[in-house]
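So the protein lines, in turn, are chains A and B.
For the first sequence, the positions run 42 to 501 when my numbering is used.
For the second sequence, the positions run -3 to 637 when my numbering is used.
Everything labelled a hint here was simulated from the structure, so no lab data went into it.
Careful: at least some of the hints might be erroneous.
On the chain A side, residues computed to face chain B include the following (Cβ under 10 Å) [what the hints assert, rightly or not]:
| # | residue |
| --- | --- |
| 1 | Asp88 |
| 2 | Val93 |
| 3 | Ala260 |
| 4 | Asn373 |
Subject to a maximum C-alpha distance of 35 Å in a straight line, what follows is the list of computed DSBU-like cross-link-like pairs (lysine-lysine) [claimed, not checked]:
| # | chain 1 | residue 1 | chain 2 | residue 2 |
| --- | --- | --- | --- | --- |
| 5 | B | Lys28 | B | Lys252 |
| 6 | B | Lys495 | A | Lys501 |
| 7 | A | Lys119 | B | Lys127 |
| 8 | B | Lys82 | A | Lys326 |
| 9 | A | Lys200 | A | Lys401 |
| 10 | B | Lys82 | A | Lys128 |
| 11 | B | Lys98 | A | Lys78 |
| 12 | A | Lys185 | A | Lys119 |
If you're wondering where the values come from, they're calculated on a predicted model, not measured in any experiment.
Yeah, the Cβ is synthetic: ideal placement off N, Cα and C, and Gly gets one too.
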Amino acid sequence: MSDAIKGYRGAARDVLDKFSVEVWSDCTVQTTRGEFKGIVLPRSETDDDQHVVLKLITGYNVGITVDTITGMIAAGRKEAHYKIPEKEFPVSPNKPNIKLFGTGGTIASRLDYRTGAVIPAFSPGELYGACPELADICNLTTDKLFAVFSENMGPEQYKKLAIEIGKAIENGVDGIVIGHGTDTMHHTAAALSFMVQNPPVPIVLVGSQRSSDRPSSDAALNLIHATKTAAESDIAEIMVCMFGPTSDEYGLLHRGTRVRKMHSSYRSTFRTIGDIPLAQVDREKITPLRQDYARRRDDHNVDILPFFEERVAMIYYYPNMHPDIIDSLVDNGYRGIVIAGTGLGHVNKPLYPAIERATKAGVAIYMTVQTLWGYVHMFVYDTGRDLMSRGVIPSENMLPEVAYIKLGWALGQTDDLEKLRELMLTPVQSEITEREPYNGYLILQGGIPEVEEFLRKIHK
Amino acid sequence: MGYVPRLEADRSVYADLGFKSGLEIHQQLLTKKKLFCHCPAGVFQRGKYDAEIIRHMRPTLSEMGEYDGTALMEKRTRKIIIYRIKDETACTYDFDDTPPFKIDREALGNALEIALMLRCSLVGELHITRKQYLDGSIPAGFQRTAIVGIEGGFPLKEKNIRIIQLSIEEDSCREVSDIGHTRIYTTDRLGMPLIEMVTYPEMLTPDEVAEAAQYLRLLVRTSGKVRTGLGAARQDVNVSIDGGTRIEIKGVAHIKWIPELTHVEAFRQKALLLIREQLQQFVTDPAGWQITSKQITPDRFESLPVLVSGDIKPDDQLMMINLPGFKNILSFFTQPGHCFADELSGRLKVIACIERPNMLHSDNPVWFADDATAEIRSALQAADNDAQVLIWGPADDMPTALETIDERCRMAFEGVPNETRKSLADGTTIFERVLPGPDRMYPDTDSAPIPIESEYIETIENRMIVTMPQWLDTLREWDVPDDAHYYLILHGFIPLIEKTANETGWPKKFVALLFGHTFKGMQRRGQLADTFDPQMVGDVCCHLSQNNIDRRWVREVLKQLGANSGHSISVVTSEVVHGKLTLEEAADRVKDLADQFNNVSESCLPDAQVRWVVGQLKPLMQGSVSQSELAVLITRELSHV
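Could you build the full structure based on these sequences and the hints that come with them?
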């Protein structure tokens, strides 16, 4: 498609052609509904072909129905140059050196006319232009590894990211920040927790729930929190740094293996599950909430284990699940299956033969719970014991997504099911914990007087 | 400077100024739900709240890649915004934790209907746009808005006014307070559907502006598609004069304030142009113009504590500033009761967040003693034509405060800066923010365009009943004074007036004023029972006319009817016209009244009829007969029947 009529097709394209009008033309349109004057804007490819979009002098956009157009006259052109003002990021010898890896997502973004959505903008200069506070915290260099939305992150990206982190650590950075889309941030956090072991510096994943093209975006504050954590904290672990409350107040640092996105759109969507977060961070300080974290070191040593077997699946069990679901995975050569079972880790009886057939064929099957909170306990009921006798291995309180990532990572290293079991059940970074604290499970129920009273006192 | 009070100003005063004004009228639509979520519309939280949320706002780029001036100003204010949320009136959409739901179709239909009434060209596809508001009045930092139609128009008495555009948008939060760096809002009004009607700046006198506002208000009110009550309609008024610039006066709550506000604003602009002229005499190189400043301590001058008694807080920083060439400018008249120094002080409050009082100046009689003044002037190396100001406030705010003073003074060399101003009840205005431009617009990436099909427009055209413009023409034809138009049209009295005039043969203007002045006045003064039906006014007229009673009695009859609700028109009329009844006259009426009773009542109680007739006659005979005597008389008369 020619660039001159970006996004237009069919009837809309014909009418633009007919009157020799292009995208960015400043034009007058005669229609049966009246006259309209403005600049022709590109149209999103997914929108219909019955309308032409104009930007009026007042800044508003309107669509003109193609079959009401009786004439168009172009007089001049005004093309948009969308660019975040770029300023050179100041460097100071006294400040920590932070590396920011870009993967995509909405930390910094701009308008994409092709899809009508926003696409990421990234360079240190752009980030500094949009968020000058960063220069008070660190010296920043950036490296755009991929430009994908988070749902398109996968094993290839995990491995590349791990290797690049290894190189950055070897080069002596004081901390690493990874900009990431939020949808699968907890998958990537888990993958990095297994692939990057014993890092000497903080490694912080960060994103935003509201894109940075809106004034109320959480992007800048999240980035400030993440950068501050990477630069100043002594927590040398893989962490997710996102809003604690929905208010612009503080961020939480979650362990990469215990964190999960829990709301489709809230700013405070990330929560540590079955435990408490590592720390709180605001513009002024980092406040640890626990002491059992790996401390920052001066060396440049790190273990990079970039392995992943892709033929691993996760099944979310539902009543009336038929055995062919498992059969088809086995028949398609899958080597590992994580089941998110009901309650303490259960599935129905009709699956038993399929499970038995799978484990006999050497497929590793690990059980997790779809309740998310709590441990798998397969000795309590017959069902659990029956499943274990057919080779299903309970994976303690590993979150389903974390178990999936870990199984892929572990199978990437060994075919030996016993060795695999050892890898799976030996915690690397709290993906399995020995105990669940009483406050590791807190979902306050709205409406209850004491909860409402609490909500009035804190900033939500 | 030649200020003319409004009541003494005629058309030529405004023609000489080059007065031009346009309107932006915001009117809430009558819908069950909010515009982009499913919260109920029109429910208010009245000070109570369940939770608070905090946000800060950051400027972002417009679609054309520019930053908006207002946005940059708001960024400098470093405000903490607190939203008070009540569960019944706001959901996660309102505080920007959920993307928008589909637009409310009821609201869209209402907006299209009003756009059609204003003869706008309707768009083919609605594009939701984000209009940035960094003052925090919307938690998202932008208002979702869309153009419904453009290029409409409507008639005034002597001319036509064109409409630039009509948009549908979500309403903003209500401000609770704004002190220092903290601004508090409630979210109940947020998200309610409203329309914004924008006119071209074609009104050339303050009265024309009010007339246009009144017309638009009536048109939308009579459509039945809009909300009424406090805050349901808000006017922004744009004013400019020759050599001045477009100033937007925000949130004018009452149309009757408009003439004074626009008048005062026109003269404020004239004053600023005169100030520019005067400055040019003393400052030959505006580009090289510079302020100088020195920090002083509160104990520095003996006279200081007296000057600022109680206004300075213990931690405040005090800054003395020299403004070259500004002597006599700071005290220059800008608005009744205001001078140029208030322009500086207003910006200090809004941009640097320093509460007023926040400054003193050397043009003011309240200033330092002579020796201190001399010392200050020498410390600042001031020349004869320079002025000095003393400002104070939190140390953190001082850099912005100095910048703000410098910036506003520089603007004085240009004339009238682009501003949005807040209206006050006395007709003056204060600085609210820098006037935003088209650069604050950005397409809403969360919502798809909405086609407005021709068939949909047709269904709206078919259901639409537009009576208001014809009614207005009719009233003008009848020569009914303007002050009665609004009331008569709003209450839909025109058909009743016409019918009454036809049946009585009385002049239409006379009947119209019975409704528009007499009836309205009695209503306002509480002289009518709530149940008093306006139809009664027509009935009284007909009764008088049928009985060949002169129409001069009508007002008195209405008054008496109002005071004695439930009495029959004929009885009250006769009392008014003929005075108190004698016993014989009363006896003559019993039979008629008894018949009337049979028509209106189905009561089977034995003495119901007697009691009713007593009730009718009693007030007409006050003092001349007792209730029991009257009952005896009536019973006797009825027994003859």
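Verification of the hints:
1. Asp88: holds (6 Å)
2. Val93: holds (8 Å)
3. Ala260: Hint on A/Ala260: holds, closest Cβ of chain B at ~9 Å, below 10 Å.
4. Asn373: Status violated, d = 37 Å.
5. B/Lys28 <-> B/Lys252: Roughly 30 Å separates the two Cα atoms, so the pair holds.
6. B/Lys495 <-> A/Lys501: violated (62 Å)
7. A/Lys119 <-> B/Lys127: holds (21 Å)
8. B/Lys82 <-> A/Lys326: holds (32 Å)
9. A/Lys200 <-> A/Lys401: Roughly 31 Å between the alpha carbons, so the hint for A/Lys200 and A/Lys401 holds.
10. B/Lys82 <-> A/Lys128: violated (43 Å)
11. B/Lys98 <-> A/Lys78: Given pair B/Lys98, A/Lys78 holds - Cα atoms ~28 Å apart, limit 35 Å.
12. A/Lys185 <-> A/Lys119: holds (31 Å)
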